Amino acid sequence: MRTVFYLIRKEFIQIFRNKFISKAVFGIPILQMLILVPAITFELKNVKLTIIDKDMTSESRGLISKLDGSTFFKVSSSTFSEDEANNLLHRNKCSMILQIPSGFGKDIGTGKQGKLLATFDAVNASSAQLTWAYLNGVIRDYNTDLINKNITTNPLVPLPRIQVTNRYWYNEMLNYKYYMLPGILVILVTAIGFLLAGLNMVREKEIGTIEQINVTPVRKYHFIIAKMVPFLLIGLTDLALGLVIGKLAFNIPFEGSILLLFLCSSIFLVAVLGMALFISTFSGTQQQYMFVAFFCMIIFILMSGIFTPYESMPMWAQDFNLINPVAYLMRINRMVMLKGSTISDISRELYSLVLIAIGFTTLAVRRYRKTA
Amino acid sequence: MINVVESSDIAKSFGPIMALDDISFSVNESEIFGFIGPDGAGKTTLFRIITTLLLPDKGNMKVLGMNATTHYKELRKNIGYMPGRFSLYQDLSVEENLNFYATVFGTTVEENYNLISDIYSHIEPFKKRLAGKLSGGMKQKLALSCALIHKPRLLILDEPTTGVDAVSRSEFWDMLNKLRQYNITIIVSTPYMDEAIRCDRVALIQNGKILSIDTPQKIRAGFSRKLFTVKAIEKYRLIKTLKKNPEVMTAYPFGDSIHVTLINDSSDNSLFEYLVKEGISDAVIQEAEAGIEDRFLELMEKA
Chain S
1 MRTVFYLIRK EFIQIFRNKF ISKAVFGIPI LQMLILVPAI TFELKNVKLT IIDKDMTSES
61 RGLISKLDGS TFFKVSSSTF SEDEANNLLH RNKCSMILQI PSGFGKDIGT GKQGKLLATF
121 DAVNASSAQL TWAYLNGVIR DYNTDLINKN ITTNPLVPLP RIQVTNRYWY NEMLNYKYYM
181 LPGILVILVT AIGFLLAGLN MVREKEIGTI EQINVTPVRK YHFIIAKMVP FLLIGLTDLA
241 LGLVIGKLAF NIPFEGSILL LFLCSSIFLV AVLGMALFIS TFSGTQQQYM FVAFFCMIIF
301 ILMSGIFTPY ESMPMWAQDF NLINPVAYLM RINRMVMLKG STISDISREL YSLVLIAIGF
361 TTLAVRRYRK TA
Chain Z
1001 MINVVESSDI AKSFGPIMAL DDISFSVNES EIFGFIGPDG AGKTTLFRII TTLLLPDKGN
1061 MKVLGMNATT HYKELRKNIG YMPGRFSLYQ DLSVEENLNF YATVFGTTVE ENYNLISDIY
1121 SHIEPFKKRL AGKLSGGMKQ KLALSCALIH KPRLLILDEP TTGVDAVSRS EFWDMLNKLR
1181 QYNITIIVST PYMDEAIRCD RVALIQNGKI LSIDTPQKIR AGFSRKLFTV KAIEKYRLIK
1241 TLKKNPEVMT AYPFGDSIHV TLINDSSDNS LFEYLVKEGI SDAVIQEAEA GIEDRFLELM
1301 EKA
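Protein chains in written order, with our numbering: chain S, 1 to 372; chain Z, 1001 to 1303.
FYI, nobody ran anything at the bench for these hints, they're computed from the structure.
There could be a bad hint or two in this list.
Unchecked claim - Pairs of lysine-lysine residues, derived as DSBU-like cross-links and limited to a Cα-Cα distance of at most 35 Å, are as follows:
{"hint": "1", "chain 1": "S", "residue 1": "Lys23", "chain 2": "Z", "residue 2": "Lys1127"}
{"hint": "2", "chain 1": "Z", "residue 1": "Lys1240", "chain 2": "S", "residue 2": "Lys220"}
{"hint": "3", "chain 1": "S", "residue 1": "Lys220", "chain 2": "Z", "residue 2": "Lys1139"}
{"hint": "4", "chain 1": "S", "residue 1": "Lys220", "chain 2": "Z", "residue 2": "Lys1073"}
{"hint": "5", "chain 1": "S", "residue 1": "Lys220", "chain 2": "S", "residue 2": "Lys74"}
{"hint": "6", "chain 1": "S", "residue 1": "Lys19", "chain 2": "S", "residue 2": "Lys54"}
{"hint": "7", "chain 1": "Z", "residue 1": "Lys1139", "chain 2": "S", "residue 2": "Lys19"}
A quick note: this is a predicted structure, and the numbers were derived from the prediction, not measured.
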């Protein structure tokens, strides 16, 4: 025990003696939170709209002002030429063209169907679909207005209708920051675990100090534990820092148990550190390690469901996520923070993390050889 | 008296390169045993096998009576190893490094301080300094202190004096000599021939093979021919001219002179006359006693 304690102490001395690392380890997470949380959002606002109004009636103008009045759309230009409108779309000057053919107002007035043509810039498919959904919403509204007008003019005909009242649970205001912040916290903890410990291990190889350690009676698992503990503690400190920033800067709700979140994060960190140290046993130089670790990290993070819903991934990707610790913590963090999930709600994720942690730590200890 | 190291038929190759080829030798208790050989001779590979860091392809390595392959755990407590490259933590201070190595060996600095006091006292005034900021000679003293702090029975030093100035080198050998009183066996390697005489016995090693093992005196005495030193102002021309002469067997530059052996071992004036004829009139030829390096070169020539 005394040896492990001394080894850990040595790591801490080295980390905090390094002027850059000691500051970066706490500075970078703060920056990451302050930059990423407000910046990454899927909310659509101010979609630029080009209007071709060939109708020029009160009905068409009513629709246009309805669109312009919503927060989603902003009529950026109007023209009578389709070529010009297409050109604007091509040059990214707008994201959508709405064409109102002549006769639109007349058709509505005479009880026929009014027709519209909408063209989207679908380079980003999901934002094009979202725009379409918003457009539909606005037009549905406009439709209801028209019908209501008709009812008042002709009250003898009752119109059947279904009214839906909806509520968004766990994130009432559909605040995107509430969704992203728990995810960003996971990325933060992942980066600490994945990069620092592995690099530290490979550095000992590069400068040859590991040779001197290997001739000592230090046990393999002592050495691995000593490499894990400091970065585990740093990771948890960063998590705490991130939560404080989340509360102060973004006022995120925290429904669940903080203790549970830290417990899960600790297990997650052991899993990630185990993976990192396992990779480090294959790498001879820091450059090699960086390359492999970066590649793994990108895969783990992008497949974890931080941006795209986990359930909509193909089956093989969901299978891969069985060994992806980031995917588990991503779900745990969001469930605990936003839904207030308890340990029984997340037990499957928690058990999986424990298994991954044990598996990779064992692999790291076994792969680390004191003899070539 | 038991043999501290007993190596029989040790071989190790890295891919197609045969690093060690049937190495057999034994080291007695409390002796200073030197491995002398050029870079790439296999010294470091051999040391890594003795220190249990590397497994041999074949052969048997017994260290302190234990098999280095199977009893490495027990062995590591009793071996002190100083690798050729400075391998202490450069970002820890002198004191921190020493305490660290004492702790990982399960001892304290105080417990074995008497063993290192001679060496450590030189660097103690700088104990707060980071190891990376020490001079070459001080780094070497710190590395030796750290290798000794657990009172090993066998100390293995891989080229400890490479890159260290001449005064520090000499001091270093004085320290090694003093360690004998603690019954510590020392195996040391060096590329410097002049350090060989400071060892009790030396092994000449080249291309993974041991050419000869003996006391430095006997190795020198093994030189089989008469040796002459030849000096002249124009050294480069002198050696070229000497090598042209069919009577000359070998001619190697040694500092400011050239060591020459002749085919018929005669010591008459014919060599001098030859040089004068070739236009080198200021040559001074003297018969000389062979050094270890001469013997080494002779053995290499034969191998």
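These are the hints, each one checked on the structure:
1. Lys23(S) x Lys1127(Z): 26 Å, holds
2. Lys1240(Z) x Lys220(S): Answer violated: Lys1240(Z) to Lys220(S) is near 58 Å, above 35 Å.
3. Lys220(S) x Lys1139(Z): 27 Å, holds
4. Lys220(S) x Lys1073(Z): Roughly 11 Å separates the two Cα atoms, so the pair holds.
5. Lys220(S) x Lys74(S): The given pair, whose Cα atoms are some 64 Å apart, is violated under the 35 Å limit.
6. Lys19(S) x Lys54(S): 67 Å, violated
7. Lys1139(Z) x Lys19(S): 23 Å, holds
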